[in-house]
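K.L.:
For chain A, the structure is supplied; the task is to place chains B and C on it using the hints.
Chains as they are written, first to last, in the working numbering: chain A, 1 to 405; chain B, 1 to 242; chain C, 1 to 196.
Heads up, some of the hints might be wrong.
[As the list claims (entries may be wrong)] Here are the computed distance ranges between Cβ atoms for each label pair:
id, chain 1, residue 1, chain 2, residue 2, range
1, B, Asp230, A, Val248, 34 to 40 Å
2, B, Thr102, C, Lys40, 51 to 57 Å
3, C, Ala84, A, Gly269, 47 to 53 Å
4, B, Asp210, C, Arg48, 41 to 47 Å
5, A, Leu262, B, Gly232, 46 to 52 Å
6, A, Gly269, C, Asp120, 53 to 59 Å
[Stated by the list, open to error] With a straight-line Cα cutoff of 16 Å, these simulated EDC-like cross-link-like pairs (lysine to aspartate or glutamate) come out:
id, chain 1, residue 1, chain 2, residue 2
7, C, Lys83, B, Asp169
8, B, Lys93, A, Glu347
9, A, Lys129, B, Asp119
10, C, Lys78, B, Glu41
11, C, Lys37, C, Asp49
12, A, Lys123, C, Asp68
13, C, Lys78, B, Glu39
14, C, Lys79, B, Glu39
15, C, Lys66, B, Glu41
16, B, Lys45, B, Glu113
17, C, Lys78, B, Glu189
18, C, Lys83, C, Asp120
19, C, Lys83, C, Asp68
20, C, Lys73, B, Glu41
21, C, Lys83, B, Glu189
22, C, Lys66, B, Glu39
23, C, Lys78, B, Asp169
24, C, Lys73, B, Glu39
25, C, Lys73, B, Glu189
26, C, Lys66, B, Asp169
27, A, Lys123, C, Asp61
28, C, Lys73, B, Asp44
29, B, Lys128, C, Asp68
30, B, Lys97, A, Glu347
Calculated directly from the structure, the hints in this document are not laboratory data. The beta-carbon is built from N, C-alpha and C at its ideal position, and this holds for glycine as well.
One-letter residues, chain by chain:
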Amino acid sequence: MATKAIFSEVKNNGLGYWGILGLLGLVVLGGIWAFSYMHHHGHYVTGMNNQVVWGMPHVFAIFLIVAASGAANIATIGTVFGKTIYQPLGRLSAFLAGSLLVGGLIVLLLDLGSIGHVIEMAKGALNFKSIFAWNMILYSGFIAIIAVYLWTMMDRRKTAKSLYRSVGIANMVWRFLLTMGTGSIFGFLVARQYYDAAILAPLFIVSSYVFGTAIYILVLMASFKMTGRELGDSVLNRLRYTLATFIVLVLFFELTRHLTNLYATEHHGVEAYILSGESKFTSMFWYGQILLGSLIPLFLIWCRFLKNNRTVLVVAASLSIIGGFFQLYVILIGGQSFPLVLFPNAEVSSSFFDGVNNAYSATLAEILLGLGGVALALILVVIGVKIFRLLPETLADINVDPHHK
Amino acid sequence: MSHINSYRRKFLGGLAGTAAVATVAPGIFLREVQAKPAEQEVTDKVRWGMLIDTTKLTDGGDACVEACKKEHGWGNDPESNVAQQAQWIRKVKVTEKLTGHTTTLPVMCQHCETAPCVDVCPTGASMKRADGIVQVNKHICIGCRYCMMACPYKARSFVHETLTNQLPDTPRGKGTVESCNMCVNRVDEGKNPACVDAAPQALLFGDLNDPQSKISVALKTYGGTQIRADLGLNTGVRYWGI
Amino acid sequence: MLSRYSKILKSVILSSLIIMMGVGLSACDSKPPELMKAVKQFESDEIRDAHVKNMRVNHMDELLHKRDQTVIKGIRTKKHSLKACINCHVPEQVNGKELKHTDPEHFCSTCHGYVAQQLDCFQCHADRPNNGNKVSNVAAPTDSLHKAVTESSLHMAPEKYLPSEVAGISQELKSKLTSQINTDIQKASNQSVGEQ
Numbered sequence: 001m002a003t004k005a006i007f008s009e010v011k012n013n014g015l016g017y018w019g020i021l022g023l024l025g026l027v028v029l030g031g032i033w034a035f036s037y038m039h040h041h042g043h044y045v046t047g048m049n050n051q052v053v054w055g056m057p058h059v060f061a062i063f064l065i066v067a068a069s070g071a072a073n074i075a076t077i078g079t080v081f082g083k084t085i086y087q088p089l090g091r092l093s094a095f096l097a098g099s100l101l102v103g104g105l106i107v108l109l110l111d112l113g114s115i116g117h118v119i120e121m122a123k124g125a126l127n128f129k130s131i132f133a134w135n136m137i138l139y140s141g142f143i144a145i146i147a148v149y150l151w152t153m154m155d156r157r158k159t160a161k162s163l164y165r166s167v168g169i170a171n172m173v174w175r176f177l178l179t180m181g182t183g184s185i186f187g188f189l190v191a192r193q194y195y196d197a198a199i200l201a202p203l204f205i206v207s208s209y210v211f212g213t214a215i216y217i218l219v220l221m222a223s224f225k226m227t228g229r230e231l232g233d234s235v236l237n238r239l240r241y242t243l244a245t246f247i248v249l250v251l252f253f254e255l256t257r258h259l260t261n262l263y264a265t266e267h268h269g270v271e272a273y274i275l276s277g278e279s280k281f282t283s284m285f286w287y288g289q290i291l292l293g294s295l296i297p298l299f300l301i302w303c304r305f306l307k308n309n310r311t312v313l314v315v316a317a318s319l320s321i322i323g324g325f326f327q328l329y330v331i332l333i334g335g336q337s338f339p340l341v342l343f344p345n346a347e348v349s350s351s352f353f354d355g356v357n358n359a360y361s362a363t364l365a366e367i368l369l370g371l372g373g374v375a376l377a378l379i380l381v382v383i384g385v386k387i388f389r390l391l392p393e394t395l396a397d398i399n400v401d402p403h404h405k
Numbered sequence: 001m002s003h004i005n006s007y008r009r010k011f012l013g014g015l016a017g018t019a020a021v022a023t024v025a026p027g028i029f030l031r032e033v034q035a036k037p038a039e040q041e042v043t044d045k046v047r048w049g050m051l052i053d054t055t056k057l058t059d060g061g062d063a064c065v066e067a068c069k070k071e072h073g074w075g076n077d078p079e080s081n082v083a084q085q086a087q088w089i090r091k092v093k094v095t096e097k098l099t100g101h102t103t104t105l106p107v108m109c110q111h112c113e114t115a116p117c118v119d120v121c122p123t124g125a126s127m128k129r130a131d132g133i134v135q136v137n138k139h140i141c142i143g144c145r146y147c148m149m150a151c152p153y154k155a156r157s158f159v160h161e162t163l164t165n166q167l168p169d170t171p172r173g174k175g176t177v178e179s180c181n182m183c184v185n186r187v188d189e190g191k192n193p194a195c196v197d198a199a200p201q202a203l204l205f206g207d208l209n210d211p212q213s214k215i216s217v218a219l220k221t222y223g224g225t226q227i228r229a230d231l232g233l234n235t236g237v238r239y240w241g242i
Numbered sequence: 001m002l003s004r005y006s007k008i009l010k011s012v013i014l015s016s017l018i019i020m021m022g023v024g025l026s027a028c029d030s031k032p033p034e035l036m037k038a039v040k041q042f043e044s045d046e047i048r049d050a051h052v053k054n055m056r057v058n059h060m061d062e063l064l065h066k067r068d069q070t071v072i073k074g075i076r077t078k079k080h081s082l083k084a085c086i087n088c089h090v091p092e093q094v095n096g097k098e099l100k101h102t103d104p105e106h107f108c109s110t111c112h113g114y115v116a117q118q119l120d121c122f123q124c125h126a127d128r129p130n131n132g133n134k135v136s137n138v139a140a141p142t143d144s145l146h147k148a149v150t151e152s153s154l155h156m157a158p159e160k161y162l163p164s165e166v167a168g169i170s171q172e173l174k175s176k177l178t179s180q181i182n183t184d185i186q187k188a189s190n191q192s193v194g195e196q
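So that you can see chain A by itself, here it is in the shape it has in the complex (with noise of 0.2 Å):
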């Protein structure tokens, strides 16, 4: 039987704690800069324009949110699917969800053209028929349902107890809400022929269980290094299968997706375009997300020679993380890259970019502006995980596995 998880706080306060701190503050401070760089002189200063209106910040910022929500899945494996050897593991499952969302969110704001006006929301200025003041409302419940969930798993009262599984539950809900509100930004815009289709939104659900478990595997791996702790091969196998089945199933929704859309004449066009042009998007999708963010991770995972190899989790985790960053780069740019088709079949021109693929290339304000927000996330993870027992002191297959010999 397994013994009962016992929680404790990071307690190194040496050199390698503070340096990670100092770090990842230097990138805020990276990203503080790129913010009032582009506030003071205008977006003239990025590669964004009125074509490609959405850029790296969105990229950064819909990873961290989509991430946030993937990684809160840890948490519910254990509460609502009753997985004992998930539960030790949820609290920093939730808190670190609670983390990236607050690193994502704060990029998408920061990158708005008028951050004075969003006051006029608070007064009311709220469109509901948007699905954007939807996720305002989704996010911002998120992290309070974040908040009484950490309760529940780490009061003792009774009260709490009680309340665990149904906030586990309400938790789960209401991320798949969430989830699917962001790929919505996307699946409802009828006039850009690489969106307007209602499967991104179980899409980005089944993306962001592959990042939020990546994540996770990192952060963990991380943290039980760092502060001396054990950690068993049952614990990171189970992580390990976790995030090649989503994997697995991301696939499944990308083949999906694109078959529908090879399906239809209208879609032709941007399908081949990103699919077998001659762009950076037809390399990013087939090399960058497929080869590189899908096979080599399932492959690393599933083959026989290389199980239990730590290094190599490791590499498998990164390498989809990488790939994830590029599926959102190729759905985002890629799909504001290729023109509106104002006339089907016919050849159109204006000085105003008709008919032209859209070229964009990032600047270093908004890189920094996006690694700026991941940097934050980690940041109030390190905090986090010094002033509340988040982490459990062991994680030894002993300790976790009730079938361990």
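P.N.:
Chains B and C only, in chain A's frame:
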């Protein structure tokens, strides 16, 4: 008694005279655009629309573009690159691949009845007035550019830099989205949009809800094409010759 | 013992704070800065004083209210319209120079600078009458429609889409228009023949 009768006769005669004038020569005096009193709200009894006959645009729409620039003052964003500069209206050249038939037409906001930009805007800044004019309320625009993602006509621009010397009737500024507003400021005063006055031989502006208006009669008799009619947006701007 | 000391200490700190605030306030110039004279003069001093009194306190609310009235509902009365404020309060030129909101003498900037309150309007709005631009000479609507009916070759000849009694165009003009359209068509077809 007779006094009253003569008064009545005069009055009726006056009425008849007015009616006669109205039926005889309203053509020239027929005003498509009725100036509404300044204090009156716009209503949905009116739906403003525009008809563009591309075959009569000898310059393909250059005059319209110039008039729009002059009216609204866009085209003064030197820091931005070409892809970032605002364009409220543009001349689009369309060549059909099979036949090689070429048309040029001005394209701007099509003032959809069910505008995607209005649906997606989180704050309600992207709005449709009661009289069908779609515009951006820049006071509450947060600059998220979601409307630009949603617009099927690429009608919107984002202001990428600090602007100076804006025109009094067209406030525009950094970090907000903007587009053709059918010259609301002129329409509210009872004038035509600037582009219509720049090419009166090819553009017609009027009330689509009024079956007697010139534009309604013309569209009823000869029809009019919408760009991307497949989206079912019921645009306020219609074309001939595309 | 201790509590009494702390009480004394508290009252000393509090009273010194109040004195300091008083000194600070008295150091402030209680008079508002000199403002530029408005162009328009009111009919009576009472109306002017009421206007000044109201606007000093409420101008932001009046503008905010008017802003939504105008943008959303299309109400374009001059009362509380920013354009009307500017036209009256900011002269077209001062000493041969245009006054911008970045200049401290600008009516709005004088006070806003004085109380260190950010002034957002002029990020988008014109800060001076006509902004130094000549009023555009685009034709009035009736003119253009008249021109459309009488001078230009129309999309369609008017008699084609207007009932003849409504069109109200003389027979002479009608035939003139028809012949003009016919020549246009002739010209166009000649051109395309020439191209072939």
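K.L.:
Taking the numbered hints from earlier one at a time, note which ones the structure violates and give those numbers from smallest to largest.
P.N.:
5 and 6
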